[in-house]
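K.L.:
Sequence:
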Amino acid sequence: STGGTYVTELRRPAEAWRARMREQAGEIDDIVDFRIALETQTAALAARRHTEATLAPIRESLGALRDVIGRTAFRQADSRFHVALARAARNERLEEAVETARGELFSPRDLLPFREPVEETLRDHQAIYEAVRAGEAHGAAEAMRAHLERARRQLGVIVFGTEDDREWPSV
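Heads up, the sequence shown is in my numbering, so the first residue is 11 and it goes up one at a time.
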């Protein structure tokens, strides 16, 4: 009433995103496939190139994930993990690409009603971290692949209401 900017109908951008994802179901697969290619290599490089100093932020992100309350805290802890892993790979281009690819999936989706997979994500992140810390490049890459495939199934539930990606239209 006194001016200024305010936001109404917060569900509209999220529903528009969901509708676009339903119409272009292959886009979800494209983004997740890209993330798998990008982040499995990132995890493998982090396993080979990490230092104790670059492991610390990864460990901190695991602690933050254990303590999350709410979607914003979950998303921040999740992002911190993936970015810290990219930093441990010591490649700025990978770090930028990881941030960009994650942004394509998460911004509008955060307005939709669903349960954050905290326990599953924490288990996945812990497995990736353990493989990186042990210097197991193949194990780190496979743990990342499993994590992102689980994310693909979760997106199927959010967008299409099904866990079975074979039921996704146009995929």
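Treat the hints as calculated values from the structure; they're not laboratory data.
Treat the hints with care, since some could be wrong.
Distance windows between CB atoms, simulated [unchecked claim]: (1) Glu-140 x Gly-171: 19 to 27 Å; (2) Arg-163 x Arg-76: 17 to 25 Å; (3) Glu-37 x Glu-109: 27 to 35 Å; (4) Glu-140 x Ser-89: 28 to 36 Å; (5) Glu-130 x Arg-69: 18 to 26 Å; (6) Asp-77 x Gly-36: 34 to 42 Å; (7) Ala-66 x Glu-102: 37 to 45 Å; (8) Asp-40 x Ala-144: 16 to 24 Å; (9) Thr-82 x His-148: 18 to 26 Å; (10) Arg-81 x His-148: 14 to 22 Å.
Here a beta-carbon is modelled for each residue, glycine too, at the ideal position from N, C-alpha and C.
K.L.:
Looking only at beta-carbon atoms, does the pair Glu-130, Arg-69 fall within the given range of 18 to 26 Å?
P.N.:
19 Å, holds
K.L.:
Honestly, do Asp-77 and Gly-36 meet the 34 to 42 Å range at C-beta?
P.N.:
37 Å, holds
K.L.:
Does the Cβ distance between Glu-37 and Glu-109 fall inside 27 to 35 Å?
P.N.:
For Glu-109 against Glu-37, whose Cβ atoms are near 19 Å apart, the range 27 to 35 Å is violated.
K.L.:
Is 18 to 26 Å respected by the C-beta to C-beta distance linking Thr-82 and His-148?
P.N.:
34 Å, violated
K.L.:
Is the hinted range of 16 to 24 Å satisfied by the C-beta distance from Asp-40 to Ala-144?
P.N.:
Given about 32 Å between the Cβ atoms, the range is violated.
K.L.:
Quick one: are Ala-66 and Glu-102 within 37 to 45 Å, going by C-beta?
P.N.:
Because 19 Å falls outside the window, the suggested range is violated.
K.L.:
Take a look at whether the Cβ-Cβ distance between Arg-163 and Arg-76 falls inside 17 to 25 Å.
P.N.:
23 Å, holds
K.L.:
Just to be sure I understand the hint, the distance between the Cβ atoms of Glu-140 and Gly-171 should be within 19 to 27 Å; is that true here?
P.N.:
34 Å, violated
K.L.:
Assuming the hint says 14 to 22 Å, is it satisfied by the Cβ distance from Arg-81 to His-148 or not?
P.N.:
33 Å, violated
K.L.:
Is 28 to 36 Å a correct range for the gap between the Cβ atoms of Glu-140 and Ser-89?
P.N.:
20 Å, violated
Taken one by one, the earlier hints fail for this structure at numbers 1, 3, 4, 7, 8, 9 and 10, listed in ascending order.
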